[in-house]
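There are 4 protein chains.
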Amino acid sequence: MDFKTSNAEGPVDFINLDDLEKMAQKVVPKGAFGYIASGAGDTFTLHENRRSFNHKLIIPHTLMDVEEPETKTTFAGEKLPAPIIMAPVAAHRLANEKGEAASAKGVADYGSIYTVSSYSSVDLPKVTDALHGAPEWFQFYFSKDNGINRHIIDRVKEQGMKAIVLTADAMVGGNRETDARNGFTFPVKLPIVAEYLPDSVGKSMDYVYKSAKQKLSPKDVEFIAEYSGLPVYVKGPQSKEDVDRALSAGASGIWVTNHGGRQLDGGPAAFDSLQEVAKAVDKRVPVIFDSGIRRGQHIFKAIASGADLVALGRPAIYGLATGGSAGVKQVFEKMESELKLVMQLAGTQTIEDIKHFELRDNPYDPSFDTSNDLKLF
Amino acid sequence: MDFKTSNAEGPVDFINLDDLEKMAQKVVPKGAFGYIASGAGDTFTLHENRRSFNHKLIIPHTLMDVEEPETKTTFAGEKLPAPIIMAPVAAHRLANEKGEAASAKGVADYGSIYTVSSYSSVDLPKVTDALHGAPEWFQFYFSKDNGINRHIIDRVKEQGMKAIVLTADAMVGGNRETDARNGFTFPVKLPIVAEYLPDSVGKSMDYVYKSAKQKLSPKDVEFIAEYSGLPVYVKGPQSKEDVDRALSAGASGIWVTNHGGRQLDGGPAAFDSLQEVAKAVDKRVPVIFDSGIRRGQHIFKAIASGADLVALGRPAIYGLATGGSAGVKQVFEKMESELKLVMQLAGTQTIEDIKHFELRDNPYDPSFDTSNDLKLF
Amino acid sequence: MDFKTSNAEGPVDFINLDDLEKMAQKVVPKGAFGYIASGAGDTFTLHENRRSFNHKLIIPHTLMDVEEPETKTTFAGEKLPAPIIMAPVAAHRLANEKGEAASAKGVADYGSIYTVSSYSSVDLPKVTDALHGAPEWFQFYFSKDNGINRHIIDRVKEQGMKAIVLTADAMVGGNRETDARNGFTFPVKLPIVAEYLPDSVGKSMDYVYKSAKQKLSPKDVEFIAEYSGLPVYVKGPQSKEDVDRALSAGASGIWVTNHGGRQLDGGPAAFDSLQEVAKAVDKRVPVIFDSGIRRGQHIFKAIASGADLVALGRPAIYGLATGGSAGVKQVFEKMESELKLVMQLAGTQTIEDIKHFELRDNPYDPSFDTSNDLKLF
Amino acid sequence: MDFKTSNAEGPVDFINLDDLEKMAQKVVPKGAFGYIASGAGDTFTLHENRRSFNHKLIIPHTLMDVEEPETKTTFAGEKLPAPIIMAPVAAHRLANEKGEAASAKGVADYGSIYTVSSYSSVDLPKVTDALHGAPEWFQFYFSKDNGINRHIIDRVKEQGMKAIVLTADAMVGGNRETDARNGFTFPVKLPIVAEYLPDSVGKSMDYVYKSAKQKLSPKDVEFIAEYSGLPVYVKGPQSKEDVDRALSAGASGIWVTNHGGRQLDGGPAAFDSLQEVAKAVDKRVPVIFDSGIRRGQHIFKAIASGADLVALGRPAIYGLATGGSAGVKQVFEKMESELKLVMQLAGTQTIEDIKHFELRDNPYDPSFDTSNDLKLF
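Chains as they are written, first to last, in full-length UniProt numbering: chain A, 1 to 377; chain B, 1 to 377; chain C, 1 to 377; chain D, 1 to 377.
Everything labelled a hint here was simulated from the structure, so no lab data went into it.
Positions of the beta carbon are idealized from the N, C-alpha and C atoms, including for glycine.
Do not rely on the hints blindly, as some may be mistaken.
[Claimed, not checked] Restraint ranges, calculated between C-beta atoms of paired labels, are given here: (1) B/Pro-198 to D/Asp-361: 35 to 45 Å; (2) C/Lys-144 to D/Asp-154: 28 to 38 Å; (3) A/Glu-222 to B/Thr-350: 51 to 61 Å; (4) C/Gln-275 to B/Pro-198: 29 to 39 Å; (5) B/Glu-352 to A/Val-201: 39 to 49 Å; (6) D/Lys-79 to C/Glu-358: 53 to 63 Å; (7) B/Pro-363 to D/Glu-158: 34 to 44 Å; (8) A/Asp-244 to C/Thr-350: 50 to 60 Å.
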């Protein structure tokens, strides 16, 4: 298949992540960009992800003796420049020819954790190489065949990965109508899952998802935990009930997400679910959050709501499209610097201070639209 | 009268029901399309019908051991592929020359229940023939003359129909200004009610409604139930008070609707009324719901809110306009497949699981507009 | 002054009152139309007047044995075709050369009560003549000189008027920026108040209001009631406190209004104040309501919220502009017929039924905009 | 640096402050205007500042015996024509060549208090001269070097200033993307802080802020109070916690603000914070309010919510740009006259009456957009 996309590498000039999204749209083919940027169904949930951050307000505190706030944090023994990591995203080669090799390098250069997707378009060893020692997690789309699953886990362990993220909210593809309108099919290979999906090129997302296991249950968490000996972070719980189910099955962390509004439309913003999940988890295990982060204030609010880490998906891919590894690194740096500014203005010196910062409920519906609508098809 | 409309028959290529509506608009004359698509007054209630589904949110549940969810259900002994039936809609020949003969075939091919309107533009025997054995219900616009009503019931029973739906919320026509602007009058005959309305061609909706009985009361429910021996479903209650009145009169089911926002403007979304009605009914009789269903998630939310069945009106007519019986069938299939996807993502295996699924109140007003505004005049 | 406006007389073809407003705009000079249609300040309150009706919802009741609902009502011994009367509006000759002579005839032909404004552009005897026996009320803009006030009351009594309406919410003109932008000054004479405002032509609204008394107090109510012996309806109270003050001073009725959003911007919709006022009045005296009525459902909701009568201001003037007395009559008839339709659909046979009808609070903010924005300058 | 801006002096013809803003935009260079008018980040908080005033409603009171309301007030012994003062704003020479010399003259001509910014583009003695005896306050951006701070305080005292305002919410510049888009750097000198920032010309806002002290604490309040012997008003507290911290440190007043939405985006409207602050202060010290005032009703609502004074920032600068000192004076007069009109319509005779006026909570979200969006880059 003759798929041409960006091969950019080098610094990018952008003001904010909304700008960067528009810049990425110009260098990534329409179908691929639509796949990356779009959401499910009426995109209600996609839009709620962004709007929801203003459901909580930061009352800035003054005279707090703060200077040069410290964004550094530690997670599972890893020292990070900020509580911002790379979310698993399929097929980076849609956005940049170098694919995961470049994004991994960018995240490693920044100094954070990289989560490699089962649907990576670059195979494991090359990703690990590009990380030059930075911590690597593996996001698992389960095969129906546990023999294959064991083999994948073996490979993951071989790379020295630190954790496995089990995606529990995407056993099938969401109703992504942009892909249907653009007639989008996968133009790239997905080598990690080649054993159960040998022929991804030219296939629809639906086909890809259907090749994986739909019938996920707590037993799968137990299986991965036991076979791998690695911490398993379950990605998907948005309620107390789901937290309990995941933790009972041996999850070592909960990843709150609605898959960037790409799976179920008509559900809540992920940020709105974060508060309930964090309360249910009650600090027993770490909480990771993604879906909608575009601003330093969003990171501040997520951490003040109980997240230990936030993960970037689409923004990092936009950095990859426009600047390769350098662009990815810039995206992380941008979020860190916005976060740092918010910390100073809010009167918080450390990430720990944010965790104790009390957000204010917004008694009003945020009607001012800060979403960034794009023409995708 | 020289009325030309679509005569399409065959598969239709559409992404979602909003698309289909726009496609239908292109093949149906303006006046007829305006009659079908428009609402009453300021169309506040019409728009609320769509917006209201996001008053309740689906928190997807994960690790639920779900695969290939089962949409099949049983209603009054009938096995249905999904809890989706055909709502009564007047004069299908506005949308397709073949009228109810084609829509009935489409619903029967899909395998569900067909509700024939008193204002059908095709006479009863032909509708029944087209259904080739599929279950048929009759929607009753009452005559002022009980002799005529008895005769209509006799004919209904002759066709072997399974139930009578008494429309209680439309004794007069709503204030449909689009029809006034388009100068719309009925271009087709309404053979079922020819005894009390012999001359529908060239008449306004107002005239048509005025020919039927306005002064509906519980006695009319009793009369139909007694004379027909069939279950009577009262279509219109939106409050506990109305449920009690209908059940006391012998109703065998409650059909929650606001007539697609075509009757009273300034009232609530039908979906907002569903919760109260379902609580008042308290499973004593079945609950059927229509008004605003355009998505699988809407069906999921209606069932989780207490509906046993949902009915499609306008969407089926849009399928009829664009693809005849095949288009109608596709509309039902589309809704079934969207529902199935939502079930998988929500973690529900069966329709019974949906009935026990707890929706979350949305504490925020859904400001993102998912309504599909059309230029109608 | 050379002021030319509409001189229309005869039936008007319109679908609803929003249409009529646009039609009126075409036949009335820009400055005059701007004066009539515009509101104060940012027009927040003007818009709230319209939006507020959807703060309350009508749940239609079914099987209510209703047919041909009866809109007739009685007020202070007067039999009216519907609880809809004419609000006081200044200077009808802005909208139609015949001015109050035509509007009075229109209201009388319809059969309702006419409230003549102190700022009438036609003198009292001619208005009374045009009413050919229909009930007439007098709206009082007080002079600073009680001698003049006595003289005006003498004249009012001479005409056989039935009540005096004391406008308490407009001792100064509101901040109507449209008038400033259009450079609008009064182009017509105001004969009734010629004693204290001999020279209205070429004067601004501000000048006009400043000529009247600002320092209104309960004593003025007492003075009018005592000197005239007529019932005094105080126009303006929007709170319990104000109701108590007016009733203690001898008011025979409360008129809830915010002057059509023309006086104080940043206050509530008049309809939102109606509930509190009605509760405070507690049926001790009648309640009259204006500000925002454009639909039959608005009248229904106002009456169900405690109003005994509603008054039409701008809509009647639009009828006057486009059709003279015939247009005015049509506006009243249109509102009556819309009200009747709502009554049938809501399941109410009489005005008394509406008074006992329980509206439902809308738990959601009505975001769908039904306001009719016009370009006024 | 060759910076050309308005040199207007003389009366301006404008209807309201939104008009004036658009007029100012035409005479001020793009970069400078963008700096003045823009907000931080997504400008959510900037927009909330305006929208929030309709979170509280004025129920106008009638028959209150009010005429010619009195806006005069006294603050700390100063007699003011209205409770409206000049907020500190940096670098007035961006808007008018005469800079603070003209704005100070305008405020003095009006008769109110002038707050001179540390980042004034005209040096202290000239500002004081222009004030010809009118009360002058000093807004302090602290140096990292207390020797410099003492020297600045010495100079402030030399000018006979009455109070020091410590800005506690802007130790760093907000994320003002408009400046970044316009490539805006300071084109003018800032003589007051030349000791610690000798070279402001050609520097970014970020650079300017970074030159001042970030690490503000209660000790700085104590230091200023003690060294200066003047009352210190802390500008920035938006919560009870911050009020307590400031008062414990010796603050003589609290200035509620969010810096016009220029610092932290994602926080509440300043007006929404005012209620909590006023309650926490509980009349122990005066409360001053800015951020979003564009209307007389906003001033009324701020005072009824607990403010003793309101301060104008951008509006005064727009007056300066369009009319020099005369324009500044007109802005204050306009606000006074709008306030007076609201007082009359609300039924309040004095500023004290406003302080006892009970605003009504708006139970609905104000959806009507009264904000004045400008194209800034």
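To see whether the hints hold, each was checked on the structure:
Range check, B/Pro-198 to D/Asp-361: about 59 Å between beta-carbon atoms, so the 35 to 45 Å window is missed. Hint check: C/Lys-144 to D/Asp-154, Cβ distance near 58 Å, so the stated range 28 to 38 Å is violated. Checked against the hint of 51 to 61 Å, the pair A/Glu-222 and B/Thr-350 fails, with Cβ atoms roughly 25 Å apart. Checking the proposed 29 to 39 Å range against C/Gln-275 and B/Pro-198 shows it is violated: the Cβ atoms sit about 49 Å from each other.
For the pair B/Glu-352 and A/Val-201, the supplied restraint of 39 to 49 Å holds, since their beta-carbon distance comes to about 41 Å. The supplied range of 53 to 63 Å is met by D/Lys-79 and C/Glu-358, whose beta-carbon atoms lie about 55 Å from each other. Roughly 56 Å separates the CB atoms of B/Pro-363 and D/Glu-158, a value that falls outside the hinted 34 to 44 Å. For the pair A/Asp-244 and C/Thr-350, the beta carbons lie near 57 Å from each other, so the given range of 50 to 60 Å is met.
When the structure is compared with the earlier hints, violations turn up for hints 1, 2, 3, 4 and 7 and for no others.
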